[in-house]
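Q: Based on the provided sequences and hints, a complete structural model is requested.
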Amino acid sequence: MKTMRITFSLLGLLAGLLFAQSCSYLPSNELVGELNDYAEDPDYITFTSVSDTVPNKENVFVFFPGGLVDPHAYINPLSQCLESFSRIIIIKADANLSILPTPNLEDIVETFDLDESHRIIVGGHSLGGVSACQLAADEDLIAGLILMASYPASADDLSDFQGQVLSITASEDRIYDRDIFLERQNQLPAGISTQILSELPTFVAPNESVYFDILGGNHAQFGDYGKQKGEEEEPVLSADAQHSIVAQVIQRFKQASLWD
Amino acid sequence: MGLRIAIGICCFMAWFNVASQQINVGSSRAIGIVYQDKADVFDNNQSYNFQFRSSFRPLAIGMEFRTIDWGNQIGISLLYNNYKTFNERWGLQYDIGMIHSIALFRPGFKYSIGLLGRTSLAYQLNEKHRIEFGVALRYDKILAYNDFGAINQTLELPIHLSITRQLFPKMIQE
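Chains as they are written, first to last, in the working numbering: chain A, 1245 to 1504; chain B, 6 to 179.
Please note that a few of the clues may not be correct.
[Said to hold, decoys possible] In silico BS3-like links for lysine-lysine, alpha-carbon gap of 30 Å or less:
| hint | chain 1 | residue 1 | chain 2 | residue 2 |
| --- | --- | --- | --- | --- |
| 1 | B | Lys115 | A | Lys1473 |
| 2 | B | Lys115 | B | Lys146 |
| 3 | A | Lys1471 | B | Lys43 |
| 4 | A | Lys1471 | B | Lys146 |
[Claimed, not checked] DEER-style ranges, computed between Cβ atoms:
| hint | chain 1 | residue 1 | chain 2 | residue 2 | range |
| --- | --- | --- | --- | --- | --- |
| 5 | B | Asn87 | A | Arg1418 | 50 to 56 Å |
| 6 | B | Gln41 | A | Asn1273 | 20 to 26 Å |
| 7 | B | Lys43 | A | Glu1278 | 19 to 25 Å |
Rather than coming from a laboratory, the hints here were simulated on the basis of the structure.
Being a predicted model, the structure only gives us computed values, none of them experimental.
C-beta: ideal position from N, C-alpha, C; glycine also.
A: The structure is reproduced here in structure tokens:
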């Protein structure tokens, strides 16, 4: 009995520590502004652009949140990107971990009634970017890939990816592994790097990448969930400023990729 | 915070290990049928539970870890439970009760409550062990999540598989 008691107590300790590592970051701010056609179900959060100017093809952005971050924490930052996309779809993953099974592209296409008139761009923050890369590696329908503080898993080789790739990082990011990030650039199409908005290319061809590093930005501010453990210092750039820069970079990249 | 949770769980297990006669360990997969006010079929993830049952009173206290629409949560279940034997091998286990949970969020946990009714077919493997397979009806609500997401309640049909170990078989026979 004594052995059993010790075993269960140790199991309890292990379970407790495991559970304590399962906490998700909640949004730190309430929703700013009104969203058009906002809808939420157990698998997705979606909203659309209010713009009257509908391009020839509607750009749909499928976004995977970072690991253990509540998906609602991306609504505010992504709502600033509605000039680039007519619809934004945020994937709600099991346990807030997008590496666990999430809806596949077929499910997304069926649920949102997407067809040839839509251009599908996938993206993600941190761990979510890994899932976005997996989806892009498996599916030909995807026109572009947008990574935020992320890189492909070692198994996903996207060097032949036929869409455009935008990879945004932040100079004060203390969470992601910069060495692996640099190493995994081999698994993405070749491209250019810059830290200055005006130096972004005016044309990006298919199978090309653009790397943009936000000076003073950090990891958590790609979302809207305050400070992330491991990144306790006050960021140089405010969250609002980082969201705005991300939106501007995406807007310029969209124009350069001729996604109009 | 993590250390406090770990110590709490450790004490909980040690105390109930002394006070109980049966241990049940299981897992369930829930099929969601209603979220908020909308009827729909959706996959609502996995739960793992650990339960201590009294052989003398129809009571069970347990712990569970589960994923649900709003994230991950750990809970303490307080259940009325009973077991009816059909013959020496087969029986029916049923539980009904409440689950008090904390949804695991940063910067602070949120309280969530669940109601559960479950019935399981049980097969006695040997003197000490039996396996149970059953279905349940479960309702969960997290009021504090109103500020963040549109979904703060779910109704589900979990499918449950577990194994029960009798800790003191000789005492029961006496």
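Q: Decide, hint by hint, whether the structure agrees.
A: Each hint tested on the structure:
Between Lys115(B) and Lys1473(A) the alpha-carbon distance is near 19 Å, which keeps this suggested pair within the 30 Å criterion. A C-alpha spacing of about 11 Å is found between Lys115(B) and Lys146(B), which places the hinted pair at or below 30 Å, so the restraint holds. Taking the CA atoms of Lys1471(A) and Lys43(B), the gap is near 35 Å; set against the 30 Å cutoff, the hint is violated. Our distance criterion of 30 Å between C-alpha atoms is met by Lys1471(A) and Lys146(B), whose separation comes to about 28 Å.
Taken as a hint, the range 50 to 56 Å holds for the pair Asn87(B) and Arg1418(A), whose Cβ atoms sit roughly 54 Å apart. The beta-carbon spacing between Gln41(B) and Asn1273(A), approximately 23 Å, falls within the hinted interval of 20 to 26 Å. Lys43(B) and Glu1278(A) have their C-beta atoms about 22 Å apart, which keeps the hinted 19 to 25 Å range intact.
Hint compliance for this structure: hint 3 is the single one not met.
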